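**Q** The chain contents come next:
2 protein chains.
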Amino acid sequence: MSPGHTGQAAGQAAQAKLPIAGVKHLIAVGSGKGGVGKTTVAVNLAIALARMGHKTGLMDADVYGPNVPLMMGTNQAPAAIGERIQPLQNFGVKLMSMGFLSPGDKPLVWRGPMLHSVIQQFLRGVDWGALDYLVIDLPPGTGDVQLSLMQTAPVTGAVVVTTPSDVALEDARKAVRMFEQVKVPILGIVENMSYLTCPHCNERIDVFSTGGGRRTAAAMGVNFLGALPLDPHVRIGGDTGKPIATFGPDDKRAHAYYEIAQLVMKRADEAAEVKGPTITVSD
Amino acid sequence: MSPGHTGQAAGQAAQAKLPIAGVKHLIAVGSGKGGVGKTTVAVNLAIALARMGHKTGLMDADVYGPNVPLMMGTNQAPAAIGERIQPLQNFGVKLMSMGFLSPGDKPLVWRGPMLHSVIQQFLRGVDWGALDYLVIDLPPGTGDVQLSLMQTAPVTGAVVVTTPSDVALEDARKAVRMFEQVKVPILGIVENMSYLTCPHCNERIDVFSTGGGRRTAAAMGVNFLGALPLDPHVRIGGDTGKPIATFGPDDKRAHAYYEIAQLVMKRADEAAEVKGPTITVSD
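Line order of the protein sequences matches chains A and B.
This note's numbering applies: residue 1 is where the first sequence begins, and numbers increase by one.
This note's numbering applies: residue 1 is where the second sequence begins, and numbers increase by one.
Hints were generated in silico from the structure; no laboratory data involved.
Among these hints, one or two may not hold up.
Note that the list lumps identical chains together, so a pair holds whenever it fits in one copy or between two copies.
To be verified - Heads up, simulated EDC-like pairs for lysine to aspartate or glutamate below, C-alpha to C-alpha not over 16 Å straight-line:
id : residue 1 : residue 2
1  : Lys242    : Asp166
2  : Lys106    : Glu180
3  : Lys266    : Asp206
4  : Lys24     : Asp269
5  : Lys252    : Asp132
6  : Lys106    : Glu270
A quick note: this is a predicted structure, and the numbers were derived from the prediction, not measured.
Full structure from sequences and hints, please.
**A** Below, the structure is given as structure tokens:
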């Protein structure tokens, strides 16, 4: 048993990454571990960017567990014009998800090559139009889908979401290393479920420990984007299709997401500058 | 875009599943979504079974995010005798994990075929010896690894772990359907992070909602195995390599895991009976 590591992957990443016509920044939101709130961060980040006046799209690349439709309160079949799939839209954000194409409880039990094909369709077969930001909600982990995307899409940078628990941090470090090895800049780490404020006595509870996201970012030399509390209201917002960021930047619970969105915009501009001018091919 | 569903997978599941010599019950622990506590349940279930006097093994099939070594407090390189890998052991449980072979922060960025090969090595290339229960910690979701395992391993039955949040339940239903479609009996659903008791005021907080696991089990006609609280002590047990079940069945926090283990044993015997006698091939 001598399986290869990411050396091969890093080599392949040097292949040409075709730009997506009209899309300025591609922001990948990933995590080493599932259930840390990656989709919650992606959804609220996209809504915050749109509310701040930017043309924004959200592509749900978590084809096995597409939670974006439920969280965004939208679940219709997308139309097609000719061969081009038309994205849905809610809260000012253009949307595409496997959940729109395969709703209900049926699991997708797919092999790798089928996944690659769907992801490419989502990236290049959807009429995204002109976008300032296309946020991609990656599946958790460091597997096939993530690798294919990073190798074929001109990703501006990645946001890594983690909780402060040691098992989540262990996996978050792997996610950071994966992005580094495929030459995708890390825009920063978000610590989600950082603490819970008891709704009965207002005392603070460190359910999943606390502070590990900031410490891990410092130790790995990457930016820290902020800590988000574990807040039942945020979960309810996601479960009911009314994400907390829709309440706007002045809402005390939504505010932190707007701060993170500001930092993501800043880091994305920096990352794009380092890479040099974007070459945009349009028809 | 017309990707196939699980019809093909279900057909392939009818292929011969070679028994694993000496292993009586293969218990798969899965989840539709990551971060719901699947590994926590698998680890504590295995320890409880071992403490109750059963020969038990735990195979970590979550090759991309192997958290079993950290939770089980073991991280050595396994020895090999000839071609046979020797499992590690802690708390009376025999262990194998990708984390033992590839420790540290390096992510595995593997394609499907390499995964299949590793999983088969773990199942059949490890000297598990005589076991009453081999608990398999599946990766979250309904992807390649899960499909390969269900198609090639004689799994007695599956435990599906979920939280009560709607997004987790949405994915849990997919996991149940996946197991059904590949003809693996569902031993039952566990609702994890069911509620939190505030350590300051002892009031109950329904962080991720509550009761959805039991309702989903009833709606889908599968057993409900129990509800486990969201308890910082359980998380600390996992983060420090001393899982809560090591405190024994009389510990008030560990007790629920022993009750779930009892139910799993009962359901596994029932599932094995329905399938008829096991044919064991030994050399």
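**Q** Now tell me if each hint is right for this structure.
**A** Hints versus structure:
1. Lys242 to Asp166: between (31 Å within a copy, 13 Å between copies)
2. Lys106 to Glu180: between (35 Å within a copy, 11 Å between copies)
3. Lys266 to Asp206: neither (30 Å within a copy, 37 Å between copies)
4. Lys24 to Asp269: Result: close within a single copy only, 10 Å intra versus 58 Å inter.
5. Lys252 to Asp132: neither (26 Å within a copy, 53 Å between copies)
6. Lys106 to Glu270: Neither, since 42 Å and 26 Å both go past 16 Å.
In summary, the numbered hints that this structure violates are 3, 5, 6.
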